[in-house]
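Hey, can you work out the whole structure from these sequences and the hints?
There are 2 protein chains.
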Amino acid sequence: MTETKAFAAQSPTSGMAPHGISRRSLRRDDVAIEIDYCGVCHTDIHFAQNDWGVTQYPVVPGHEIVGRVTAVGPNVQNYREGDVVGVGCMVDSCRACSACEAGLEQYCSEGMTGTYNGKDRHDHSVTFGGYSERVVVSERFVVRIPEKLDIKAAAPLLCAGITTYSPLRHYGVKAGHKVGVIGMGGLGHMGVKFAKALGAEVTIFTRSESKVSEAKKQGADHVVISTDEDQMAAAAETLDFMLDTVPVQHDLNPYLNCLTYDGTHIIVGLLEPIEPALEAGALVFKRRVLAGSLIGGMPETQEVLDFCAEHDISCDVEMLDIHNINDAYERMKKGDVKYRFVIDMATLKNS
Amino acid sequence: MTETKAFAAQSPTSGMAPHGISRRSLRRDDVAIEIDYCGVCHTDIHFAQNDWGVTQYPVVPGHEIVGRVTAVGPNVQNYREGDVVGVGCMVDSCRACSACEAGLEQYCSEGMTGTYNGKDRHDHSVTFGGYSERVVVSERFVVRIPEKLDIKAAAPLLCAGITTYSPLRHYGVKAGHKVGVIGMGGLGHMGVKFAKALGAEVTIFTRSESKVSEAKKQGADHVVISTDEDQMAAAAETLDFMLDTVPVQHDLNPYLNCLTYDGTHIIVGLLEPIEPALEAGALVFKRRVLAGSLIGGMPETQEVLDFCAEHDISCDVEMLDIHNINDAYERMKKGDVKYRFVIDMATLKNS
Chain A
1 MTETKAFAAQ SPTSGMAPHG ISRRSLRRDD VAIEIDYCGV CHTDIHFAQN
51 DWGVTQYPVV PGHEIVGRVT AVGPNVQNYR EGDVVGVGCM VDSCRACSAC
101 EAGLEQYCSE GMTGTYNGKD RHDHSVTFGG YSERVVVSER FVVRIPEKLD
151 IKAAAPLLCA GITTYSPLRH YGVKAGHKVG VIGMGGLGHM GVKFAKALGA
201 EVTIFTRSES KVSEAKKQGA DHVVISTDED QMAAAAETLD FMLDTVPVQH
251 DLNPYLNCLT YDGTHIIVGL LEPIEPALEA GALVFKRRVL AGSLIGGMPE
301 TQEVLDFCAE HDISCDVEML DIHNINDAYE RMKKGDVKYR FVIDMATLKN
351 S
Chain B
1 MTETKAFAAQ SPTSGMAPHG ISRRSLRRDD VAIEIDYCGV CHTDIHFAQN
51 DWGVTQYPVV PGHEIVGRVT AVGPNVQNYR EGDVVGVGCM VDSCRACSAC
101 EAGLEQYCSE GMTGTYNGKD RHDHSVTFGG YSERVVVSER FVVRIPEKLD
151 IKAAAPLLCA GITTYSPLRH YGVKAGHKVG VIGMGGLGHM GVKFAKALGA
201 EVTIFTRSES KVSEAKKQGA DHVVISTDED QMAAAAETLD FMLDTVPVQH
251 DLNPYLNCLT YDGTHIIVGL LEPIEPALEA GALVFKRRVL AGSLIGGMPE
301 TQEVLDFCAE HDISCDVEML DIHNINDAYE RMKKGDVKYR FVIDMATLKN
351 S
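In order, the protein sequences belong to chains A and B. All the letters of the first sequence, read from the start, carry residue numbers 1 to 351 under the UniProt record's numbering. All the letters of the second sequence, read from the start, carry residue numbers 1 to 351 under the UniProt record's numbering.
None of these hints come from the bench; they were simulated from the model. Where hints are given, some of them may not hold.
[To be verified] What follows is a set of in silico ranges between Cβ atoms, one per label pair, in the way DEER data are often shown:
hint, chain 1, residue 1, chain 2, residue 2, range
1, A, Gly82, B, Gly172, 43 to 49 Å
2, B, Gly176, A, Ala96, 16 to 22 Å
3, A, Gly199, B, Ser98, 18 to 24 Å
4, B, Gly172, A, Asp51, 38 to 44 Å
5, B, Ser98, A, Ala102, 31 to 37 Å
Just so it is clear, the structure is predicted and the values come from calculations on it, not from any experiment. Every residue gets a Cβ at the ideal spot worked out from N, C-alpha and C, and that includes glycine.
Encoded structure:
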């Protein structure tokens with residue numbers, strides 16, 4: 001059993017700041033990883049704050065992990081010491097159900113094991129994430145970071161990246177398609193890059209006039225101010241897909257109306273009940289589809305990294321000293337980051 | 001201009017009972033049809049009662065029309081006097097948009113012209129439906145009734161039939177799939193027949209224990225009492241598709257939970273806002289899809305008739321004297337019909 005000093009998110013209610021969180025010793029298929037960088041996802045804030053009522057303190061957030069292999073178990077086949085690797089949102093699954101067999105471990109019938117705040121399937125301990133010096137993960141849930149990628153900017157591909165890439169691929173977005181992207185945060189800006197790289201014509205929907213130039217800089221062909229009724233009316237029935245990255249409740253109906261017949265609205269961020277109520281007629285009268293999508297399976301998580309290397313895509317990141325994590329959370333709540341904080345884990349090791 | 005005596009639904013507010021509603025003289029691509037039978041759809045009640053606030057009185061409902069061709073315009077190519085033909089829910093569309101070009105006239109970008117209470121695209125007159133002696137319809141919106149079909153039972157295929165057949169075909173339902181059908185009315189019982197004919201294993205969801213034997217008689221492999229929590233829990237994550245024919249607001253969430261990952265819930269009846277609120281997580285965490293579907297295009301409406309002839313499928317009907325239409329409406333509101341009323345139009349002609 002390796003003991004390690006780890007950053008643990010403070011509970012806003014308990015003020016607890018535990019140290020000495022353990023990492024398991026290597027199992028036969030395990031890879032030990034020294035963490036270099038870890039992206040900061042809005043989900044981390046929800047868990048740190050116990051917004052969903054399921055947090056088990058102490059919690060160590062972080063599921064956009066990049067680092068170097070320091071040791072491998074005897075059955076590990078694909079990685080060896082020194083390899084640059086990544087770990088995303090999950091670290092295990094049942095590996096036997098039809099979803100797991102299809103490489104869609106995120107839809108495991110038993111539920112995937114989250115990278116943090118999950119329950120280890122062997123010893124039932126709580127899993128700890130990437131705001132840490134190191135992590136131990138079964139080979140199946142490790143991906144290789146292509147050499148061409150800037151590893152700092154690669155970290156957010158493991159959640160923000162795969163979350164937006166997976167549905168665009170699943171629904172076969174390609175040249176000739178018109179894709180709308182709602183939300184210009186960590187996920188939204190990646191969605192724009194992927195949709196463009198896949199050949200689509202991309203429209204960004206934003207509430208604020210002030211974001212228009214930034215949206216164009218990100219590669220959007222068009223920008224629609226969603227609070228402008230005339231602009232929304234002009235966009236009616238023009239899009240094949242809508243990638244909706246907004247993580248809080250919002251009215252989907254005006255966006256559904258922007259889809260052509262057979263158009264698909266994909267939600268990847270919204271987890272709350274859909275209110276205001278969805279208009280059933282908006283689906284029925286145009287054979288439209290409302291679809292959900294959750295991160296991506298392990299083969300596709302490797303694929304998105306390779307795709308980014310091939311297409312020279314990376315996440316726009318702002319590097320962070322881990323001692324400023326609480327300030328970063330506050331800035332994220334205000335949308336004040338372009339577009340993803342990435343923790344330089346050296347700031348933990350050197351503190 | 002042919003004058004004809006027509007049944008016109010009484011407005012419950014005006015008590016108006018007009019006669020002498022006109023039918024247009026033949027245009028070059030028109031087919032004149034002497035109506036033998038007309039199915040009674042729940043939509044007819046909504047229009048007769050002005051439930052949706054859009055009824056233009058006098059209204060002549062009826063969009064499940066079967067009859068014989070009595071005359072054709074000079075440009076008509078596919079029909080001639082004596083042919084047994086049908087007319088469904090629409091009688092025109094723009095014929096130029098991408099949906100129309102794809103034979104999906106129901107999704108016409110300008111909106112289809114309804115068989116009744118629509119506006120004729122040439123003379124802007126109100127269209128009148130099938131509770132009538134005859135109707136004049138452009139060839140493109142006429143279908144041929146295969147000889148093998150019982151023409152009385154064929155009438156409801158033009159709405160109840162195509163509405164359930166179209167989404168099952170669109171989503172590629174086939175042997176090996178597990179399909180749930182919610183609702184055991186005119187649409188639901190057709191959905192069961194089609195899903196079975198396509199090779200699927202079918203589960204009927206009904207609120208009432210009393211419908212179990214009837215559901216089995218309709219060909220269902222399994223029946224789930226939707227008000228029984230244990231039965232619903234046992235059905236969790238078992239189905240690939242759910243065909244939801246319930247025409248009024250209901251909670252979709254328990255049914256979504258019955259779908260496997262990548263499962264699809266298809267609504268064909270519900271036109272009201274979706275309340276209680278849809279759980280976004282039920283879509284996201286299993287990549288499930290909520291889809292709408294509206295009747296079917298003209299090529300597919302011909303296809304469903306041919307499919308029924310080939311597979312010996314017909315709608316279960318109860319024949320109706322038109323003088324009893326108001327009683328029939330009351331019985332339909334109580335779900336007291338197995339499963340579709342069909343008006344014998346001879347009862348109008350002989351009255």
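Numbered hints the structure breaks, given as an ascending list = Going through the list in order, the structure violates no hint and respects every one.
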